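If you want the building blocks of each chain, they are given just below.
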Amino acid sequence: MPIQVKVLSRPVEDASYVRAMLSGMALTFKHLMNPHKKTEQYPEVKWALSPRWRGTHRMLTDETGKAKCVACGLCPQICPANCIKLVPGEDEEGNRYPLVYEIDEFRCIFCGYCQEVCPEEAIHVGRHYENSEYSREGFVYDLERLTSQTHPVSELWDPADPKGE
Amino acid sequence: MPFALLVQAQVYHQFYDPLAPVTSTPWLLFTILKMLVVFTVIMVGVAMLTLAERKISAWIQDRIGPNRAGPGGLLQPAADGLKNIMKEETYPDAANMALFILAPMLSFIPALITFAVIPFAAPLSTRWGLVEMSVAQLPVGFLYILAVSSLGVYGVVLAGWSSNNKYSLLGGLRSSAQMISYEISMGMAAVAVLLLSGNVSLDAIVAQQQTMGWNVFPLLIGFFIFCVAAFAETNRLPFDLPEAESELIAGYHTEYSAMKFSMFFIAEYSNMVTASALMVTLFFGGWDIPGTQWDNIAPHTGLKFLLTLAFFLGKLLFFLFLYMWVRWTLPRFRYDQLMSLGWKFMLPLALAYIVITGGAVLVLDMLNVPHGAQWFGISPFWAALGVLNVVLAALVFVILDRGRIISPAYSRLSPRQVAHLRAISARRSVVAPQGD
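If you're matching them up, the sequences are chains Y and H in order. Numbering-wise, the first sequence is residues 9 to 173 according to the numbering used here. Numbering-wise, the second sequence is residues 28 to 463 according to the numbering used here.
Derived by calculation from the structure, the hints in this document are not laboratory data. It is possible that some hints are incorrect.
[What the hints assert, rightly or not] Here are the computed lysine-lysine pairs in the DSS-like style, where the Cα-Cα straight-line distance is at most 25 Å:
1. Y:K93 x Y:K74
2. H:K82 x Y:K45
3. Y:K46 x H:K82
4. Y:K76 x Y:K93
5. H:K82 x Y:K38
6. H:K110 x H:K82
7. H:K82 x Y:K54
[To be verified] Where chain H lies over chain Y, by a calculated footprint (3+ residues, C-beta under 8 Å):
8. 29-39
9. 45-58
Remember, predicted model here, so these are calculated numbers, not experimental data. All residues carry an ideal CB built from backbone N, CA and C; glycine is no exception.
Produce the entire structure from the sequences given, and follow the hints as far as they go.
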């Protein structure tokens with residue numbers, strides 16, 4: 009198979025290295041002098057999160073400070089990453105409550121289904137992302153830790169426009 | 028008639044201080060002091076240059092750059108250095124150990140000792156005599172620089188070969204080819220400077236520019252060739268093929284870690300400093316302050332020393348900035364483009380330029396055009412050569428601009444060339460089946 013010679017007709021303005029180089033240098037110099045830099049100084053300045061941001065979980069509580077969860081078992085059922093561990097219990101009055109409620113944030117894919125499926129609006133994904141730990145075990149959040157989180161929760165939909173119209 | 032140049036060289040002595048140079052013990056002490064100061068300044072300067080490189084790259088990309096270590100990131104080089112000293116030294120099993128250890132030293136030492144002959148300020152008169160402001164006053168200064176700077180390629184090639192790694196070897200090979208190709212053009216471009224100064228001592232070259240004016244104007248094309256070759260010599264973009272991160276990982280220093288890697292890094296930056304200093308000395312008057320003769324004549328006071336030093340450093344920093352500016356603007360050349368630019372354009376241009384400059388100097392001297400300043404402090408010799416160079420430079424850039432010599436692809440073929448290529452292609456298609 010012979011090499012096919014493809015001849016491109018290019019005007020000198022397009023093919024000239026000297027002109028391209030000079031205009032490139034001018035462009036970089038303009039950016040060099042540009043006082044408006046794009047860098048955000050992260051720990052001091054933080055990015056504004058979207059109200060729909062799905063981050064670290066949070067368990068909401070009722071007026072008495074107890075978790076709202078009724079241990080219905082919907083969230084471990086829907087969880088695609090299988091990261092929620094729930095052992096239901098029942099008190100003397102027949103109210104169900106979680107004996108064990110643990111979320112492995114390391115396995116979690118932050119899809120937000122647990123919040124969507126929760127009938128009591130108890131478990132939420134939150135507008136928070138700084139959840140680093142020194143060990144893998146540290147990522148397993150128990151009920152106490154989930155209820156003590158204070159960051160704002162995610163709004164999976166706009167309350168003013170719930171159907172997205 | 029060429030002897031006129033030698034006579035001209037003698038004239039510069041009128042500016043020399045009547046004070047005798049320092050001798051014996053004071054000379055030794057001053058030399059040791061200069062060695063220590065220059066070495067320290069270069070090492071600290073190189074560290075600061077790494078910071079400057081990162082800052083400038085950041086600014087060009089609309090970022091801020093390192094600003095956490097120390098005020099404005101000033102301690103970043105110290106942090107980097109500390110990290111590199113503490114890091115583990117790795118030795119590849121298959122490496123040739125002796126050469127592997129020798130290579131960083133071989134690229135580090137020539138890079139540092141080249142600066143020894145560069146005059147960086149006006150001489151200083153002291154109680155013991157006149158102190159020349161370069162570490163060594165070699166009468167063959169420029170030849171020394173050509174000799175020593177070409178030693179640097181050994182370090183790179185040995186590093187590439189001894190690592191026993193295909194990427195390192197490719198980097199080393201490319202570097203040897205590139206440095207040897209461009210060294211020729213670099214030396215040839217500098218011959219024009221030597222034609223004007225009539226001397227290879229860098230002090231004499233500076234003195235010539237003080238009387239006549241900076242060489243950048245009368246030797247514009249020489250400067251252009253020298254500048255491009257200096258970029259190639261120091262392996263900086265757009266000629267950084269020996270490193271070529273995207274093709275060769277890190278080229279010749281792929282297998283190096285910790286302080287040995289740092290030594291290559293320091294070598295690259297001190298090569299930049301030396302190449303910049305050389306451009307300043309050969310074409311921008313060295314430590315000369317433009318527009319006045321005050322700095323060149325006795326008495327050589329401390330103020331003159333400091334001011335000329337400041338001017339030298341200012342010019343040096345401009346070229347270092349140019350290096351970085353170009354690095355963060357231009358993409359890398361393809362290997363064949365690099366070679367064709369070096370051999371098919373720079374070398375013939377440099378050779379032709381020697382002939383033209385030599386001829387022009389001869390003609391101007393035959394016409395008895397004076398070298399010294401005459402009309403409003405402008406030397407007629409300087410102006411005449413300058414006008415010739417501007418005309419030549421315009422021609423060169425028009426030729427360069429046609430997009431044949433450096434181009435993304437060979438474009439703009441004439442119909443005749445297209446017919447020729449098609450004929451070759453047709454002939455191959457006939458011959459190929461029989462051949463195989």
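Taking the hints in turn, this is what the structure says about them:
1. For the given pair, K93 (chain Y) sits about 18 Å from K74 (chain Y) by alpha-carbon distance, which is consistent with the 25 Å threshold.
2. Restraint check for K82 (chain H) and K45 (chain Y): satisfied, since their Cα atoms lie roughly 12 Å apart, inside the 25 Å limit.
3. A distance of roughly 14 Å separates the Cα atoms of K46 (chain Y) and K82 (chain H); the hinted pair therefore holds under the 25 Å criterion.
4. For a cut-off of 25 Å, the pair hint linking K76 (chain Y) to K93 (chain Y) stands: about 16 Å separates their Cα positions.
5. For the proposed pair K82 (chain H) and K38 (chain Y), the alpha carbon gap of about 15 Å is at most 25 Å, so the pair holds.
6. Among the hinted pairs, K110 (chain H) with K82 (chain H) is consistent with the structure: their alpha-carbon atoms are about 19 Å apart, no more than 25 Å.
7. Annotation: proposed proximity of K82 (chain H) to K54 (chain Y) holds, straight-line Cα distance about 23 Å (limit 25 Å).
8. Coverage of the segment 29-39 of chain Y by chain H holds [criterion: at least 3 residues with CB-CB distance below 8 Å; count 7].
9. Check result for the segment 45-58 of chain Y against chain H: holds, 4 residues qualifying (beta carbon to beta carbon below 8 Å, three or more required).
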